[in-house]
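Residue numbers (my numbering), protein chains in the order written: chain A, 9 to 348; chain B, 9 to 348; chain C, 9 to 348; chain D, 9 to 348.
Hints may be right or wrong, so weigh each one.
If chains are identical, the list can't say which one is meant, so a pair holds when it fits in one copy or spans any two.
List time: in silico EDC-like cross-link candidates among lysine to aspartate or glutamate, alpha-carbon distance up to 20 angstroms [as the list claims (entries may be wrong)]:
{"#": "1", "residue 1": "Lys279", "residue 2": "Asp267"}
{"#": "2", "residue 1": "Lys328", "residue 2": "Asp20"}
{"#": "3", "residue 1": "Lys279", "residue 2": "Glu118"}
{"#": "4", "residue 1": "Lys279", "residue 2": "Asp104"}
{"#": "5", "residue 1": "Lys266", "residue 2": "Asp322"}
{"#": "6", "residue 1": "Lys279", "residue 2": "Asp232"}
{"#": "7", "residue 1": "Lys279", "residue 2": "Glu223"}
{"#": "8", "residue 1": "Lys266", "residue 2": "Asp92"}
{"#": "9", "residue 1": "Lys266", "residue 2": "Asp302"}
If you are wondering where the hints come from, they were derived from the structure by calculation, not from laboratory data.
None of these values were measured; they are calculated from a predicted model.
Protein chains: 4
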Amino acid sequence: MNYRAAVMTGIDALEIQERELAELAPRDVVVRVEAVGVCGSDTSYLTHGRIGGWVVDGPIVLGHEVAGVVERVGTAVTGVTVGDRVAIEPGTPCRDCRDCIEGRYHLCPELRFLATPPYDGALAEALVMDERNLFPIPDSMTFEEGALLEPLSVGIWACRRANLQPGDRVLVVGAGPVGVLAAQVARALGASDVTVVDVSDFRLDVAASLGFATERSGEGERRDFDVLLECSGAPGALAAGLERLRTGGRAAMVGMPKDAVTLPLSELNVKELTVSLVNRYAHSWPTAIALVADGRVDVASLVTHRYPLEETQDALLTAKRIPDSMKSVVLPNASDGGVR
Amino acid sequence: MNYRAAVMTGIDALEIQERELAELAPRDVVVRVEAVGVCGSDTSYLTHGRIGGWVVDGPIVLGHEVAGVVERVGTAVTGVTVGDRVAIEPGTPCRDCRDCIEGRYHLCPELRFLATPPYDGALAEALVMDERNLFPIPDSMTFEEGALLEPLSVGIWACRRANLQPGDRVLVVGAGPVGVLAAQVARALGASDVTVVDVSDFRLDVAASLGFATERSGEGERRDFDVLLECSGAPGALAAGLERLRTGGRAAMVGMPKDAVTLPLSELNVKELTVSLVNRYAHSWPTAIALVADGRVDVASLVTHRYPLEETQDALLTAKRIPDSMKSVVLPNASDGGVR
Amino acid sequence: MNYRAAVMTGIDALEIQERELAELAPRDVVVRVEAVGVCGSDTSYLTHGRIGGWVVDGPIVLGHEVAGVVERVGTAVTGVTVGDRVAIEPGTPCRDCRDCIEGRYHLCPELRFLATPPYDGALAEALVMDERNLFPIPDSMTFEEGALLEPLSVGIWACRRANLQPGDRVLVVGAGPVGVLAAQVARALGASDVTVVDVSDFRLDVAASLGFATERSGEGERRDFDVLLECSGAPGALAAGLERLRTGGRAAMVGMPKDAVTLPLSELNVKELTVSLVNRYAHSWPTAIALVADGRVDVASLVTHRYPLEETQDALLTAKRIPDSMKSVVLPNASDGGVR
Amino acid sequence: MNYRAAVMTGIDALEIQERELAELAPRDVVVRVEAVGVCGSDTSYLTHGRIGGWVVDGPIVLGHEVAGVVERVGTAVTGVTVGDRVAIEPGTPCRDCRDCIEGRYHLCPELRFLATPPYDGALAEALVMDERNLFPIPDSMTFEEGALLEPLSVGIWACRRANLQPGDRVLVVGAGPVGVLAAQVARALGASDVTVVDVSDFRLDVAASLGFATERSGEGERRDFDVLLECSGAPGALAAGLERLRTGGRAAMVGMPKDAVTLPLSELNVKELTVSLVNRYAHSWPTAIALVADGRVDVASLVTHRYPLEETQDALLTAKRIPDSMKSVVLPNASDGGVR
């Protein structure tokens with residue numbers, strides 16, 4: 009059984025290739041991929057061949073924000089059946105190490121993660137995943153929404169890492185998809201007052217249309233925030249954000265600044281801040297599904313661009329080509345119905 | 009009623025002056041000061057006139073690690089009586105602000121703290137304090153030990169900020185008094201494996217004599233620590249220490265580096281570390297008393313030098329004059345019996 | 009300056025008396041009382057003269073759910089000014105004891121609480137309170153809503169005590185005002201799935217109209233709840249509710265059963281449940297104001313009956329007289345404009 | 009390859025049988041059993057055929073407190089090698105369910121636990137276990153100590169469930185092995201003041217010899233404990249213990265009372281207590297090994313009686329036959345060197 013995949017074959021080089029489905033392990037499932045969100049990391053791999061320590065060194069399929077339909081199941085699968093509509097958690101841990109046993113499976117040193125070298129991702133008509141990575145989604149949820157549960161999970165985890173409490177006043181730096189989703193999660197978890205900061209008027213408009221107070225970077229004056237969610241990765245953003253927290257404030261660092269970050273720790277010590285770094289998420293899909301299903305978080309309106317599989321390269325470069333964009337989605341089976 | 013105080017009158021200038029006791033507020037207590045530990049902050053005020061944003065701009069009495077005997081009590085005092093041996097918590101909060109009400113009184117913006125400008129400290133024969141700052145100490149505890157409950161409190165709070173758990177593997181950077189006390193607290197709270205790092209052989213010997221594994225800075229190779237207690241304030245110490253934490257590790261930042269600190273956050277994000285800054289302590293005296301009283305923490309052996317009040321200047325400069333020193337203590341009433 | 013108060017003079021005996029305002033302490037404020045919610049405890053004092061260990065042994069003014077307008081301020085008041093619309097937190101702690109210092113002021117052994125003997129409450133035209141008990145409310149909030157921030161605070165605290173997490177499946181037992189408010193708070197804090205149980209069809213209809221799944225007591229079958237909020241005080245309710253929690257589930261016990269409660273602890277141990285008892289609330293007014301102000305919690309629609317001060321006795325007995333009632337409110341100044 | 013096992017064949021009936029070793033799964037290990045502690049649950053199975061809902065309904069090998077030596081390893085074993093001295097964690101979870109994924113593997117509904125029907129235990133010359141249940145112990149630790157890491161784990165988990173904090177004042181009810189170990193753990197984790205209660209003078213003497221304050225049941229007057237560790241299972245013990253907690257106190261319920269427990273919840277609500285039920289333990293062996301290895305917890309002195317495998321029945325009945333006993337240990341290979 010063959011399927012088509014968008015394979016990155018080199019820097020800025022991507023081609024549609026025919027591939028054969030791997031044999032299924034007993035708990036594996038074939039998912040017909042219906043929607044794949046494009047993440048900044050996909051773009052970075054395509055244009056730079058790397059992110060931090062992860063280096064592409066061979067052909068790779070990108071894409072890790074995925075939803076689709078169960079097409080075939082392995083012999084021992086019990087959790088899903090053919091036809092189920094599912095969202096996919098892209099990381100597969102070893103389940104044995106200390107991190108896994110203690111509930112931090114996302115930090116498992118042997119984690120296999122879609123589209124993180126050397127593992128292939130989901131920009132293809134079909135994907136084979138262990139059933140334990142699959143989460144059924146309700147009929148009322150679109151596949152695009154299902155795919156965007158992945159960046160939403162980043163927002164959920166950022167709020168958990170920041171130990172967000174009801175009534176907190178929250179500053180979100182960065183109004184890209186993750187920032188806007190983190191802001192929505194903060195509100196859905198009881199934050200009383202959420203302000204979103206960015207340099208882009210387009211993105212601030214998106215945030216404002218979702219009901220948030222907005223600020224252009226560098227123009228805010230309040231110094232009473234309980235929580236900072238740094239989602240921009242911009243140089244200086246963390247230091248500037250920490251300055252605006254109250255004593256005892258908490259920060260979650262989601263953005264990945266390219267260079268080292270300089271912090272005036274003596275001043276921050278006086279406020280006794282807590283800075284929690286963030287590496288993806290764990291245990292978040294059920295919460296993400298619930299938040300989207302009952303309308304408390306709007307992921308759908310973040311999608312500004314859609315592409316068929318053949319135009320994956322355009323999709324991956326949207327953020328570079330079109331400044332006024334938020335989230336691009338590839339629909340691998342939109343035209344032809346999937347695995348052939 | 010008069011008493012003598014060691015008054016800092018300018019940079020590197022300190023003189024013994026006769027002062028008159030202030031009138032007592034209803035809950036005030038006169039304490040005959042029996043022991044005052046010298047802290048690096050006292051030395052810094054004397055030699056530089058400042059620490060970070062706090063600037064000495066008039067005569068000031070230094071010293072905030074204090075124990076003594078209750079000599080006289082205000083009209084509404086109920087918690088102590090004349091003759092009680094007491095240790096003193098040096099910070100007095102407003103008790104009304106949000107930080108106070110929520111249990112973070114040490115972050116109260118109106119905190120009055122001994123020997124932090126413009127408030128006088130304890131390097132004197134007598135000190136007036138609100139009774140709520142006084143903690144009776146058992147007869148078995150010396151005044152020197154009572155005074156050192158203050159730096160011990162820093163160690164206790166560092167462990168709480170790092171959310172220290174039984175069985176944790178702990179790296180303590182800096183084997184000065186605070187580092188060695190933090191290491192002892194970590195062990196007393198169930199840490200299974202505590203390693204102390206410093207550049208000074210003298211200080212590493214002290215740590216080793218207290219039963220800790222020791223390392224010269226830069227020579228350690230383990231990367232599996234659960235907790236980092238950064239107590240050196242050395243440039244680069246935090247970054248180097250964080251590198252040695254396991255995924256999910258926790259750090260408490262006690263040292264106050266003079267300059268801004270540069271951190272490779274992208275790498276640290278992958279490990280999802282939590283960095284908790286530390287500003288003094290709260291709620292720690294009862295625990296400190298218990299830990300010293302039953303021998304689980306040894307504060308007494310840290311005292312390497314003792315001085316009468318007249319030699320306060322020597323005491324404040326000990327750390328600069330004598331590299332192989334740990335903690336100096338001034339005994340203001342050793343010779344003459346106190347308030348005259 | 010005189011004002012009228014509804015004074016309980018004996019069991020089932022309540023009369024309107026003229027009283028003189030006490031002299032104001034420096035931080036005291038005179039509040040013109042605009043709305044007072046009736047609580048089951050008020051009814052219990054009136055009809056039984058006691059609740060548990062608290063016994064009425066003299067004339068007392070009942071009522072502790074209060075909002076009004078600042079009418080006069082003491083000499084040292086800085087937080088409010090005449091004309092401010094305010095909600096009132098009814099408990100005044102000592103601010104000095106260990107519970108207060110550690111942030112648990114609601115457990116202060118010297119707590120003075122409105123309408124808890126021997127302290128008078130708020131069923132009067134005017135009330136004198138320390139300014140620290142006053143919380144300004146926005147113009148968009150009615151006084152009735154302001155008064156109901158008190159039972160809403162019980163719901164907020166119940167969720168905090170239960171350590172409610174986003175995505176939790178929550179079972180609320182008891183659809184009286186506290187239960188329905190607790191359910192709304194759980195939802196506002198990210199609970200994905202909230203079911204409300206009661207014996208009364210009227211109350212279940214109220215819960216359903218607020219969007220909750222409902223169940224008649226004893227008829228539910230699910231055993232997968234993460235959190236139980238027991239708000240009924242009915243005999244057997246806690247045991248029945250605990251049975252429906254998943255392993256590792258958490259319960260907050262808000263209801264006050266008259267008699268001792270029997271629990272099959274061996275069975276519950278296997279599930280390793282956590283049962284948190286609840287005594288009122290702390291730190292909740294800012295959150296309560298935020299939740300009502302932006303519409304996430306609807307307190308207004310709980311008010312089914314309103315009374316002038318003269319009919320306070322009818323108000324206090326509403327729940328007994330009219331089964332299909334939720335919350336009664338007394339409006340002490342509705343007719344005549346307040347303090348004379 | 010055969011080995012001898014002490015098989016319970018009926019109520020009060022136990023015989024030594026020759027058994028054949030099962031084939032090893034890839035990660036299985038054959039352990040030559042050197043020491044097996046006797047738990048009250050073993051005695052209960054032998055004499056009543058059940059504990060709560062667990063019923064013996066066929067021949068079963070009892071015993072779940074185990075240490076021994078690795079004798080043979082499966083084809084995929086990497087964590088231990090032949091000759092390693094190991095302690096054994098007796099529960100094997102599924103590693104897939106929500107409880108496992110979230111770090112609560114001890115609550116896994118499919119947990120296979122040694123000597124809990126229908127799974128055989130360790131009262132035999134040899135035992136086959138997955139390598140993930142094995143924890144190497146240092147040479148300085150005896151096999152008896154290794155076996156007693158299991159009840160020590162109960163004590164560790166009880167302290168974690170009670171959220172034990174440094175400086176806590178702790179009341180331990182029940183001076184059997186679990187109570188005395190829980191008391192030692194509390195002290196090793198920074199409890200400042202630990203009191204042990206029992207009805208037996210013999211057991212109180214053991215507690216006193218380990219340095220604890222002791223009390224005969226019902227005779228204590230203090231009401232200021234922060235933490236209660238209920239380890240007796242006696243009727244009324246939980247209610248009596250809770251009465252002695254301060255406001256905001258925390259209790260862990262380890263004992264398994266045979267009948268339902270009656271609690272005066274209204275009174276306890278006023279103190280806002282938290283009651284955490286306890287089902288065994290998780291993540292505890294590394295901590296247990298560390299606490300015993302460096303002498304902070306003394307498990308060795310609890311062993312009052314030792315038996316060869318042939319006298320297993322006597323061992324299981326020791327507690328009933330000899331009131332002045334603490335812990336019995338069976339040494340299955342003491343005489344003949346193990347697996348033949």
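Can you give me the call for Lys279 and Asp104, within, between, both or neither, at a CA distance of at most 20 angstroms? between (39 angstroms within a copy, 18 angstroms between copies)
Within, between, both or neither, where Lys279 and Glu118 count as close if Cα-Cα is 20 angstroms or less: For Lys279 and Glu118, the Cα distance is within 20 angstroms only across copies (13 angstroms; inside one copy 37 angstroms).
Reference check for the pair Lys266 and Asp322, CA-CA at most 20 angstroms: within, between, both, or neither? neither (24 angstroms within a copy, 49 angstroms between copies)
Between copies, within a copy, both or neither: which fits Lys279 and Asp267 at Cα up to 20 angstroms? between (25 angstroms within a copy, 17 angstroms between copies)
Quick one: Lys279 to Glu223, C-alpha cut-off 20 angstroms, is that within a copy, between copies, both, or neither? neither (24 angstroms within a copy, 31 angstroms between copies)
Homomeric proximity label, Lys279 with Asp232: Cα distance no greater than 20 angstroms: Result: close within a single copy only, 12 angstroms intra versus 29 angstroms inter.
Lys328 and Asp20: within-copy, between-copy, both or neither at 20 angstroms Cα: For Lys328 and Asp20, only the intra-copy Cα distance (13 angstroms) is at most 20 angstroms; the inter-copy one is 60 angstroms.
Homomeric proximity label, Lys266 with Asp92: Cα distance no greater than 20 angstroms: Result: close neither inside a copy nor across copies, 40 angstroms intra and 46 angstroms inter.
Reference check for the pair Lys266 and Asp302, CA-CA at most 20 angstroms: within, between, both, or neither? neither (37 angstroms within a copy, 38 angstroms between copies)
The structure fails to meet hints 5, 7, 8, 9 from the earlier list, while all remaining hints are met.
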